[in-house]
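Asks: In case you want the letters, here they are:
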Amino acid sequence: MIHHYAAEPGKVQDALSAVLQHGALSGTGKIAILPIDHGFEHGPVASFGGNIDAMDPRYHFRFALETGVSAIAAPYGFLADGLETFKGKIPFILKINSNNLLVPGGELNQALTASVDDAVRLGCVGVGLTIYPGSPATRCMVERAATIIAQARSQGLFTVLWCYPRGPELKGKERAVDILAYVTHMAALLGAHIIKVKLPNNGFVMDKSAGIDLDVSTLEKQINLIVRAAFNGRRIVVFSGNNLDTPDAIKDGVRAIIAGGGHGSIIGRNVFQRPWKEAVAFMQDVIALYKNG
Amino acid sequence: MIHHYAAEPGKVQDALSAVLQHGALSGTGKIAILPIDHGFEHGPVASFGGNIDAMDPRYHFRFALETGVSAIAAPYGFLADGLETFKGKIPFILKINSNNLLVPGGELNQALTASVDDAVRLGCVGVGLTIYPGSPATRCMVERAATIIAQARSQGLFTVLWCYPRGPELKGKERAVDILAYVTHMAALLGAHIIKVKLPNNGFVMDKSAGIDLDVSTLEKQINLIVRAAFNGRRIVVFSGNNLDTPDAIKDGVRAIIAGGGHGSIIGRNVFQRPWKEAVAFMQDVIALYKNG
Amino acid sequence: MIHHYAAEPGKVQDALSAVLQHGALSGTGKIAILPIDHGFEHGPVASFGGNIDAMDPRYHFRFALETGVSAIAAPYGFLADGLETFKGKIPFILKINSNNLLVPGGELNQALTASVDDAVRLGCVGVGLTIYPGSPATRCMVERAATIIAQARSQGLFTVLWCYPRGPELKGKERAVDILAYVTHMAALLGAHIIKVKLPNNGFVMDKSAGIDLDVSTLEKQINLIVRAAFNGRRIVVFSGNNLDTPDAIKDGVRAIIAGGGHGSIIGRNVFQRPWKEAVAFMQDVIALYKNG
Amino acid sequence: MIHHYAAEPGKVQDALSAVLQHGALSGTGKIAILPIDHGFEHGPVASFGGNIDAMDPRYHFRFALETGVSAIAAPYGFLADGLETFKGKIPFILKINSNNLLVPGGELNQALTASVDDAVRLGCVGVGLTIYPGSPATRCMVERAATIIAQARSQGLFTVLWCYPRGPELKGKERAVDILAYVTHMAALLGAHIIKVKLPNNGFVMDKSAGIDLDVSTLEKQINLIVRAAFNGRRIVVFSGNNLDTPDAIKDGVRAIIAGGGHGSIIGRNVFQRPWKEAVAFMQDVIALYKNG
Amino acid sequence: MIHHYAAEPGKVQDALSAVLQHGALSGTGKIAILPIDHGFEHGPVASFGGNIDAMDPRYHFRFALETGVSAIAAPYGFLADGLETFKGKIPFILKINSNNLLVPGGELNQALTASVDDAVRLGCVGVGLTIYPGSPATRCMVERAATIIAQARSQGLFTVLWCYPRGPELKGKERAVDILAYVTHMAALLGAHIIKVKLPNNGFVMDKSAGIDLDVSTLEKQINLIVRAAFNGRRIVVFSGNNLDTPDAIKDGVRAIIAGGGHGSIIGRNVFQRPWKEAVAFMQDVIALYKNG
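Protein chains in written order, with this note's numbering: chain A, 169 to 461; chain B, 169 to 461; chain C, 169 to 461; chain D, 169 to 461; chain E, 169 to 461.
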């Protein structure tokens with residue numbers, strides 16, 4: 169996979185390799201990233217109140233090491249808290265923007281909570297940020313993403329772009345395959361190195377897709393179209409496990425990702441909201457699927 | 169406590185230690201900060217009109233020395249006025265933003281009234297600023313906080329973040345425990361070193377908290393949840409004495425802070441709006457509670 | 169043509185010459201540019217869904233080499249993907265802004281998706297950007313264009329300005345000859361080196377044009393007026409093939425461009441949405457017309 | 169007075185001293201500043217049409233020298249016009265923002281018309297700027313003031329802050345004593361060196377002032393409260409002579425300023441709109457009051 | 169005249185002198201500037217469609233040389249086009265902002281189309297820009313003017329400020345003498361070196377002018393008041409010939425400018441929209457009037 173990034177600076181390629189070569193999935197070309205920004209996005213009570221030990225950042229670092237995920241992605245304070253103990257034991261990705269539930273009026277945007285310089289200081293391999301194509305702030309978010317990607321690149325870091333279609337004209341269509349393929353393609357054109365989207369749950373919904381004769385009747389085929397939208401699979405595309413509420417359902421999703429040519433998963437709530445042992449076993453199952461898939 | 173800040177530059181840790189090791193609470197792990205920005209926030213007549221001597225910044229510096237508080241926090245002009253006489257006698261924290269009552273329409277934001285460079289020039293150990301999560305300006309305030317925290321850090325200063333939930337959708341819920349835990353957690357993720365919130369006065373109010381099974385039936389338990397939201401107590405969280413109108417009520421609040429695992433108080437109006445002797449005695453009582461608590 | 173750009177830095181003149189001297193049209197004073205930003209503007213399904221191989225940037229680079237076009241213009245990620253294999257084989261133009269269909273409310277603006285520095289790093293000869301004179305963002309877009317043109321110039325790159333009149337007061341008049349002459353003239357005054365407009369489809373529509381006695385009764389004459397608006401033909405003006413749905417119609421348009429004094433074409437969808445062989449033959453026909461025209 | 173500014177850089181203290189030691193009031197601790205920005209604020213016809221000689225900046229410089237005022241304050245073009253002839257003969261203060269009557273809708277803000285660098289180049293001792301606490305632009309104006317004060321300080325210049333409460337919620341209350349004390353206090357906290365307010369004409373009007381037991385029944389007592397709001401008189405506070413239409417009324421105002429502990433006057437229209445001789449005599453009377461007061 | 173600019177850097181004085189000493193009016197203290205920005209402001213068809221040769225920038229340079237005007241003022245692309253052939257033969261002034269007719273809703277602002285750096289690179293003696301006092305953007309335009317004037321000054325260039333009152337509250341009053349005197353005075357205070365206004369067509373219209381006893385009953389007297397508003401004639405004020413449709417009417421205007429103490433004309437459309445010979449003769453007549461006036 170790394171040779172598809174030949175235009176990037178050597179340090180960025182090394183940083184990507186560090187993730188591809190870390191943990192249980194090392195060398196498989198697949199990745200599993202543990203993201204912990206839910207405390208900012210949904211609040212600590214909603215996120216960790218049911219598993220109070222998870223209030224402590226070190227809980228998640230330990231989980232990441234125990235299960236052998238490829239990297240951990242979180243906001244500044246979280247990574248800083250784990251830095252002394254866990255630096256060098258797992259690749260760090262600094263999630264540099266987040267939304268929060270307290271914002272009135274449902275404003276669709278994300279606040280920058282840290283900088284690329286912070287990522288460098290914390291010894292991260294990459295930065296992560298979220299865009300909401302479809303929101304009234306689309307243009308600003310795209311421009312900010314372009315700027316951050318360029319800053320990160322110049323510092324030797326890769327960028328993970330969380331692409332969540334969202335907005336007044338996309339209600340109910342956020343996970344349609346043509347919409348997800350669209351945002352994936354935008355991310356690839358912006359130069360994102362790892363593209364994160366939700367799993368599709370719908371066929372074509374855009375007027376512009378009318379008349380396009382492509383079979384997107386199964387989840388696997390939908391995933392494959394999204395992957396092809398990433399320069400014919402030449403960019404790493406990973407998926408979340410959202411809305412798949414049982415472990416078995418999530419594992420079915422993983423099988424579809426593998427069959428469709430996707431490169432991995434970003435799973436957070438589905439692990440830290442379960443008891444430790446159950447969560448470890450579940451994550452190891454997911455990793456085993458990718459390893460053997 | 170200071171080892172929880174191991175990821176921070178040595179100068180920032182030293183600055184935090186300077187506060188933890190100053191005054192009557194030196195070495196206890198608890199702090200009491202004297203904040204004097206009420207003249208900007210509420211006007212000098214409302215703040216000091218009943219105790220006209222308090223119009224003079226030196227009044228408050230003398231009070232701080234007399235009572236042995238850990239630090240004094242105030243806007244630029246105030247600290248500059250006391251600089252010649254009081255520099256080196258007590259840690260200075262520059263409060264770099266403030267709101268004022270003259271702003272029309274109740275705009276929920278704060279104006280930057282000074283800079284990190286000013287703090288350095290005045291020999292401060294830290295800067296303080298306020299955010300209003302829940303206000304229409306939430307995103308801007310969070311981004312500004314992130315920027316100031318990073319600037320201060322790079323200059324060897326810590327940051328105190330005053331976190332006041334406020335906004336059209338939070339009316340009457342500003343001090344609910346899940347809301348306060350939320351803003352405390354946001355502050356920790358932003359990298360704030362000392363987090364200041366008001367005392368909680370309510371249980372869960374957010375829809376997202378529904379179904380979370382945590383006992384928050386007492387002030388102590390509410391405080392404890394807020395402290396846990398600060399990385400399981402790994403960040404310094406201090407509380408105001410607001411809305412506790414009698415000295416005894418405030419002291420009950422302090423007892424709950426201690427029992428709940430909080431790290432101290434920020435008390436202003438409750439001292440400078442009382443006669444000097446009464447205020448000194450009261451502050452000494454509060455400090456004694458923390459010392460012996 | 170290049171001597172009309174005598175005021176520009178030598179490196180910018182060299183960059184322009186590189187395009188004028190490349191490919192099948194080398195030395196003819198005409199150019200044909202292959203633009204591939206449709207995936208961002210209209211989505212990958214609508215753009216490439218009917219010809220799925222075109223999801224891969226390399227498809228288009230191969231097409232460009234096969235047909236001998238003068239240059240390829242595309243967003244950052246696309247050019248980066250082709251860099252290793254195709255650098256030095258064809259001039260690269262970095263398209264640094266794009267709109268997208270997901271933006272709600274039909275906002276008429278373009279997001280910067282890359283920078284002049286990116287263009288330099290990718291070894292480009294020029295940058296391209298789009299303005300919408302007539303949109304509520306007209307002033308901002310004009311100012312941004314002026315800034316980008318100056319930045320590019322200082323780095324030795326030329327600028328292609330896509331000038332698309334669009335806005336609430338221009339409905340149905342977007343391709344009127346006086347409107348297109350206007351935006352062409354604006355681009356020339358801004359210092360754009362290559363000006364791209366759509367083919368005109370209408371006579372005068374502006375009140376200000378009343379009483380102007382010019383014959384614009386044919387496509388050729390309309391094109392000629394647009395070219396004259398570019399400092400009497402002293403700037404390179406190229407046209408798109410839009411709304412000319414059959415190959416023959418497009419070729420008629422090319423003949424009118426030649427007769428009217430235009431300098432070439434920018435054709436994208438009309439080639440990559442046809443099968444490879446058909447598209448190659450068609451593009452070669454267009455080039456032959458310019459060569460022999 | 170100058171020792172109250174001990175925290176300021178030596179050059180700033182020197183600049184303040186230059187004003188305190190200049191002219192007829194040298195060494196008295198009182199100052200009289202001649203401001204000429206009325207041509208921008210109200211137009212040249214309204215300001216100077218009745219005394220056409222006053223269209224010439226040199227008229228005002230000559231007046232300043234003739235009467236021995238402490239400094240002259242004016243916009244860039246005015247000071248530049250007098251620079252060759254009057255430099256070194258009187259301290260220059262560059263007024264760097266102004267409003268104008270042509271702005272539609274009564275927008276309450278001020279345009280920056282020059283910079284601190286301009287002040288340095290013109291050999292000024294200080295800069296002046298106006299804020300409108302209470303206007304919708306309050307936060308922006310406060311932030312700009314903080315920035316300008318810091319810039320000026322770093323260049324060795326002091327700042328005069330014109331504090332004019334104004335806004336939709338302050339109609340008819342602009343000169344109430346608690347409002348004026350408030351803005352004076354804000355200016356002191358912002359680090360302004362000389363604070364300019366209008367003379368008060370009213371008692372307490374803010375809800376927050378209810379219950380405050382202070383005697384503000386006379387102009388002298390109102391002035392004294394405003395002066396105390398400036399750190400108990402530790403900052404220079406000067407007043408305008410506005411709305412006191414006869415020379416005798418203005419002189420009564422000056423007597424109240426002296427009795428209330430104020431530090432001087434800023435008088436413009438009341439001199440240049442009278443005939444030269446009458447104006448000179450009047451200004452000399454005012455100065456004599458301060459000298460002997 | 170040049171000694172009135174004694175506060176300006178030597179290079180700026182030299183640049184002004186270059187215009188005052190160039191062409192047919194050299195040494196007379198009067199100037200005639202040829203401005204060609206109409207193609208941007210009104211479109212090339214409306215501006216040059218009736219004289220198609222005028223589409224070519226070289227047409228206007230030749231006209232300028234033929235008639236001996238003092239300088240030529242135009243946007244970037246225009247000056248760049250003439251640079252190789254005409255550099256050193258006539259002073260260049262870079263017009264760095266322009267409005268255009270395509271902007272919807274009649275927005276009253278101007279887009280920056282070039283920079284002071286561009287002016288330096290083109291060997292210009294000055295820059296020109298337009299402000300619309302009275303527009304909702306007044307404050308921004310004034311601030312931008314102040315910034316550009318300072319940038320130009322620091323690079324040794326003078327600034328011509330086109331001052332066009334315009335806005336919702338000025339309808340029908342744009343050319344009233346008190347309004348024009350106002351904007352002229354603002355320009356002088358901003359430090360503009362050459363001030364351009366339209367010829368007045370009305371007496372006093374501002375409420376503030378009521379009671380001002382000045383005779384403005386003739387065009388000459390109106391012009392004289394405007395000139396006095398420019399620091400009693402100490403700044404160069406030039407007028408346009410607008411709305412004077414016949415050559416004789418324009419020449420009457422020039423006679424009034426001379427009699428009123430104005431310093432010259434800026435005439436564009438009135439020359440390039442006439443046939444070459446007629447235009448040359450007309451411009452020579454205007455110049456002769458200034459020479460002999």
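I should point out that these hints are in silico values taken from the structure, not numbers from a laboratory.
Take these hints with a grain of salt, some might be off.
Note that the list lumps identical chains together, so a pair holds whenever it fits in one copy or between two copies.
[To be verified] BS3-like mimics (lysine-lysine), calculated; alpha carbons at most 25 Å apart, straight line:
(1) Lys459 / Lys376
(2) Lys376 / Lys366
(3) Lys179 / Lys445
(4) Lys179 / Lys389
(5) Lys179 / Lys339
(6) Lys389 / Lys445
(7) Lys341 / Lys255
(8) Lys255 / Lys419
(9) Lys445 / Lys419
(10) Lys257 / Lys341
(11) Lys459 / Lys419
(12) Lys419 / Lys339
(13) Lys255 / Lys366
(14) Lys389 / Lys366
(15) Lys255 / Lys339
(16) Lys339 / Lys257
(17) Lys366 / Lys257
(18) Lys341 / Lys376
Asks: Hint by hint, note whether the structure agrees.
Replies: Here is what the structure says about each hint:
In the homo-oligomer, the alpha carbons of lysine 459 and lysine 376 never lie at most 25 Å apart, since the shortest distance is 38 Å inside one protomer and 36 Å across protomers. For the homomeric pair lysine 376 and lysine 366, the shortest alpha-carbon distances inside one copy (22 Å) and between copies (21 Å) are both at most 25 Å. In this assembly of identical chains, the alpha carbons of lysine 179 and lysine 445 never lie at most 25 Å apart, being 37 Å within a copy and 41 Å across copies at closest. Taking CA atoms no more than 25 Å apart as the test, lysine 179 paired with lysine 389 passes in neither setting, with 34 Å inside one copy and 48 Å between copies.
Proximity of lysine 179 to lysine 339 under the C-alpha cut-off of 25 Å is found in neither arrangement, the shortest distances being 40 Å within a copy and 49 Å between copies. For the identical chains of this complex, lysine 389 and lysine 445 are neighbours neither inside a copy (34 Å) nor across copies (28 Å), given an alpha-carbon limit of 25 Å. For the identical chains of this complex, lysine 341 and lysine 255 are neighbours neither inside a copy (40 Å) nor across copies (39 Å), given an alpha-carbon limit of 25 Å. With identical chains, the CA atoms of lysine 255 and lysine 419 are never at most 25 Å apart, being 30 Å at best within one copy and 42 Å at best between copies.
For a Cα distance limit of 25 Å, the shortest separation of lysine 445 from lysine 419 inside one copy, 17 Å, qualifies, whereas the shortest one across copies, 43 Å, does not. Proximity of lysine 257 and lysine 341 under a CA criterion of 25 Å is satisfied in neither setting, with 40 Å inside one chain copy and 42 Å between copies. When the C-alpha separation of lysine 459 and lysine 419 is checked against a cutoff of 25 Å, the pair qualifies only within one copy, where the shortest distance is 13 Å, while the shortest distance between copies is 54 Å. Taking the closest pair of Cα atoms, lysine 419 and lysine 339 never come within 25 Å of each other, the shortest separation being 27 Å inside a single copy and 43 Å across copies.
In this assembly of identical chains, lysine 255 and lysine 366 lie within 25 Å of each other by CA distance neither inside one copy nor across copies; the values are 29 Å within and 35 Å between. In this assembly of identical chains, the alpha carbons of lysine 389 and lysine 366 lie at most 25 Å apart only when taken from the same copy (15 Å versus 37 Å across copies). In this assembly of identical chains, lysine 255 and lysine 339 lie within 25 Å of each other by CA distance neither inside one copy nor across copies; the values are 41 Å within and 42 Å between. Taking the shortest alpha-carbon separations for lysine 339 and lysine 257, neither the intra-copy value of 41 Å nor the inter-copy value of 45 Å comes in at or below 25 Å.
Taking identical chains as interchangeable, the C-alpha atoms of lysine 366 and lysine 257 are never at most 25 Å apart, the minima being 28 Å within one chain and 38 Å between chains. Taking identical chains as interchangeable, the C-alpha atoms of lysine 341 and lysine 376 lie at most 25 Å apart whether they share a chain (14 Å) or sit on different chains (23 Å).
Violated hints, listed in ascending order, are 1, 3, 4, 5, 6, 7, 8, 10, 12, 13, 15, 16 and 17; each of the other numbered hints is respected by the structure.
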